[in-house]
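Residue numbers (my numbering), protein chains in the order written: chain A, 1 to 244; chain B, 1 to 131.
FYI, nobody ran anything at the bench for these hints, they're computed from the structure. Note that this is a predicted model, so its numbers are computed, not measured. Errors might be hidden in some of the hints.
What the hints assert, rightly or not - Covered stretches of chain A, as calculated for chain B (at least 3 residues, CB under 8 Å):
(1) 11–21
(2) 96–104
(3) 151–164
(4) 180–191
Claimed, not checked - Now the stretches of chain B that chain A is said to cover, found in silico as 3 or more residues with beta-carbon under 8 Å:
(5) 3–13
(6) 16–29
(7) 57–63
(8) 75–86
As the list claims (entries may be wrong) - No more than 20 Å apart at the CA atoms, straight line, and that leaves these computed lysine to any residue pairs for SDA-like:
(9) B:Lys4 with B:Thr121
(10) A:Lys163 with B:Arg23
(11) A:Lys112 with B:Lys108
(12) A:Lys103 with B:Cys119
(13) A:Lys138 with A:Lys103
From the three backbone atoms N, C-alpha and C, an ideal C-beta is built for every residue, glycine too.
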Amino acid sequence: MQPSPDINQYKELARRYGIAATPESVSRLTQLVARQDCCVDEIVRVIEKDPGLSARLLRVANPGAADESEYMATTVDEALMRNGIGCALLLAMGTPLSLALIKTFQTMLSLKLESVDVHQLDSLEGTHMRGFISFSGKVTGHVYLRMSSATARAIAGAILGMKPEELSADEVRDAAGELLNIMTGNFKSNLCDAGLDCKLQPPKVGMTDDCSTPVEPGGGLERLAFRSDTLQIFVDVTANPWSD
Amino acid sequence: MATKILSVDDSRTIRLIVGKAFRPYDVVLLEAANGEEGLAVAAREKPDLIILDVTMPVMDGVTMLTKLKEDPALKAIPVIMLTAESGRENVLQIARLGVRDYLVKPFKEDQLIEKASRCVTLEKRPVATPA
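With the sequences and hints as input, model every part of the structure.
In structure tokens form, the structure reads like this:
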């Protein structure tokens, strides 16, 4: 099948503007999930071809497991049977989020951030900074960003080239909100390109003691964690596909 | 005469980063937090270049760009979109409206300077010599 003129034109513009493409496996997976009549076998094949996606799917499908030895679902097929297609959607959303966060740290803070299993980090307790962005349309959900207040201040200082102690609370909140905007803007583009049109709400950022993440009715949750030498960041994604 | 650059973004963080990027250059940086404010500043100051976000409250970047291109006094001002949204529909729509360049967040200050220097002349600020 020939690509549409729009797709060719977009590819030409993306090349001219230097816009990086979403990984092929992630685009393909999102397109498959967007088709409500899609065959599960096709989704399994796409995920199995990508070791990173397979590992993350198994992690999402075994939320209580501390490591692989405790997994109840051990194959891609089992994981999808157990958790449904929504699980694959979370996977498709989590990848652009992770890539965007890691790239943001690399380009704007010159800091190497690595994605780790959430169990490898000390859990966040007590008062911390939480930001979230809601999205709605053909897929509905939230992206939550959590970090200690010291981490939020250090990140804002690094982004703005200022000493953390010189920053006002508003500046720290605004930097965390922009971090959320950048992450979610990237994954929203991927969802929309796959046919899952959705709109983002402006970020809401504040301090909280509440460490729980509410899950959409009929939806799922994926927990992502990141660390550098000195920072720990937690990202939760909740989503309900085909919510319209 | 210094080059006038207008940064339109609801995030103060981004406006500060844009300001930091242009600090070594002989540039007057103008700021606006949404499209409506951006149009007002553009009409009043006639900037040489506009750096424009897409998702903003009050008036988004696509609406501001549309209105800018409809205004004979403002339509020749080059616009660089600076946004986290790189979806196909967004990019095609914005390109059709007539944008000079597109920079996806996250970005390096060097990338912004490189794209801006293709639109306007950027001259280094004279270094102050000690008395």
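Structure-based check of each hint:
| no. | hint | verdict |
| --- | --- | --- |
| 1 | 11–21 | holds (count 6) |
| 2 | 96–104 | holds (count 3) |
| 3 | 151–164 | holds (count 4) |
| 4 | 180–191 | holds (count 9) |
| 5 | 3–13 | holds (count 4) |
| 6 | 16–29 | holds (count 3) |
| 7 | 57–63 | violated (count 1) |
| 8 | 75–86 | holds (count 4) |
| 9 | B:Lys4 with B:Thr121 | holds, 10 Å |
| 10 | A:Lys163 with B:Arg23 | holds, 18 Å |
| 11 | A:Lys112 with B:Lys108 | holds, 15 Å |
| 12 | A:Lys103 with B:Cys119 | violated, 26 Å |
| 13 | A:Lys138 with A:Lys103 | violated, 27 Å |
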